[in-house]
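So you can see what is in the structure, the chains are spelled out below.
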Amino acid sequence: MSDETTDAPGPVTMLATPIGLDFDFTPGIAQSKFLRGLEQGKFLGQRCPVCGKVYVPSRGSCPTDGVPTTEDVELSNVGTVTTYCVVNVPFAGQSIEIPYICAQILLDGANLSFMGLLQEIPTDQIRMGMRVEAVWVEPDQLTPSLASVRYFRPVDEPDADYETYKEYL
Amino acid sequence: MSAAARTPRPVSIASFAQMQNVRKDDEHNEVEMLMPVIAEVFGNIGITKDDVDFICSGSTDYLIGGPFSFVMALDAVGVWPPRSESHVEMDGAWALYEAWVLLQEGEIDAALVYSFGRSSLGDLNEILSLQLDPYYLAPMWPDTVSLAALQARALIDAGKATEADFAAIAARSRKDALSNPKAQVANDIPAETLLEDEYVVSPLRRHALPPITDGAAAIVLAAGDKARQWSDKPVWITGFDHRIETHSLGARDLTSSPSTTRAAEVAGLADGPVDVAEIHAPYAHQEIIIREALGLDETVPINPSGGPLAANPLMSAGLIRIGEAAASIKSGKAKRAVAHATSGPCLQQNLVCVLEGE
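Those protein sequence lines, which keep their order, are chains A and B.
What the first sequence shows, in the numbering used here, is residues 3 to 171, in sequence order.
What the second sequence shows, in the numbering used here, is residues 646 to 1003, in sequence order.
Because the hints were derived from the structure by calculation, they are not lab data.
Backbone N, C-alpha and C fix where the C-beta goes; we use that ideal spot for every residue, glycine too.
Heads up, some of the hints might be wrong.
Selected chain B positions facing chain A (Cβ under 10 Å, derived; list incomplete) [as the list claims (entries may be wrong)]:
#, residue
1, Lys669
2, Glu672
3, Asn674
4, Pro681
5, Glu685
6, Gly688
7, Ile690
8, Tyr707
9, Ala721
10, Gly723
11, Trp725
12, Leu766
13, Asp768
14, Pro779
15, Pro787
16, Glu910
Partial list, derived from the structure: chain B residues whose beta carbon lies under 7 Å from chain A [as the list claims (entries may be wrong)]:
#, residue
17, Val667
18, Arg668
19, Asp696
20, Asn770
21, Glu771
Next comes chain A alone, as it looks inside the complex (with noise of 0.2 Å):
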């Protein structure tokens, strides 16, 4: 910082100090398993031998019981909005337009819910107990990341009953 009066420097008073640093990320057997699904269009997860609770994506133990998750379990494209929450307000690095809806969704058979993108419906009609659909990019544009989940949206079929997902708010 310059003093104002003069050229002369005046003493420092701020400092800034970039960082970065990067990272290989090893995503594990399990969680490779997940990945790989997405590449073929559908969701991977696995269970575990004690409880029996489905998780997905799974990270290859059971966070209860401590022990692997070796049987591994493909879920159905369907799934329940437990909870939600409408973005209305802009931040660097937006990729989607706002309003949206950024929903907590348990897939048919699955013990775990992941966070997911509802769209097709407008924002003041979503709802607990929804019942949704993944929509998958082309065939041709699969890869083992979730950018393979275009979205959620809304099937015609009864809300769930609360008793069946009250356990994974």
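Mind docking chain B on chain A? Use the hints.
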């Protein structure tokens, strides 16, 4: 020092396990790395996660490049029903210290301590420079090997060591590692041959540097009845302390380690003979500094496991020293042993753990 400080509640190293140390594990995630280690550390003594009252881990998000990785790692244990759990952004040796302190209070009798770190995911020279003070040093991104080389040069200039000494330590460590199946680098190359290596950063040649290692380790601590239940001949922690020096490298005498000396005093190291020492000196020259700071004479064997020159899994290499020292006692090779762990640049922070058998 009060007498009480030297007569802590007896706590035993009931079990120890470590992952096969490798240059890069690109197959498993952190949970998958840890699960077999946790299973082994429990399986060694026939217990389950329900038998420990407290869990403490040591790791750093800087190695993984993601926040709260220690929370995700708990999936490897399965913390249900909920129980008391903690984490240190430090080597697992400090996680062990926290668990030991809690055991001193007498309310719990057993704890699981684990640590994990993958050094292979980023550029270690850059990552480790971020542990420096953020105003004067870190903005210059000094790489960790160069800082170690400054220390080695200071040691030579002080007349305390020669490059041949560094080579001798590296040759001995990696030869000893031939009998350690978990070691990453093990070979039998004479020191004279090693001295033909090129410098990485003068005066450090490649052999004086630790390998880059992915790894994980775990220890079960036990006190009271559980210590006897889980072992016929428990290995006891009889002294334990850690100390830190200023983060300003220019304000330190890099050729000595007063924090190690002080920790050894509080841990009562000089109260008896030492049969073996496991020293966490990642760079060959640092073993000379720590040996002197601990007051160990030339007759005390150092790092029969090969030490960090044979495998240096960041965040675990210190915990492994304690596990290896305990193993030396358990196998009958030693009656009293000392384990040392370090953290920070150029041996900034040091921990001393004294172990005794019966």
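Point to revise | Structure versus earlier hints, numbers of those that do not hold, lowest first | key: Violated: hints 5, 6, 7, 15, 16, 17, 18, 19, 20.
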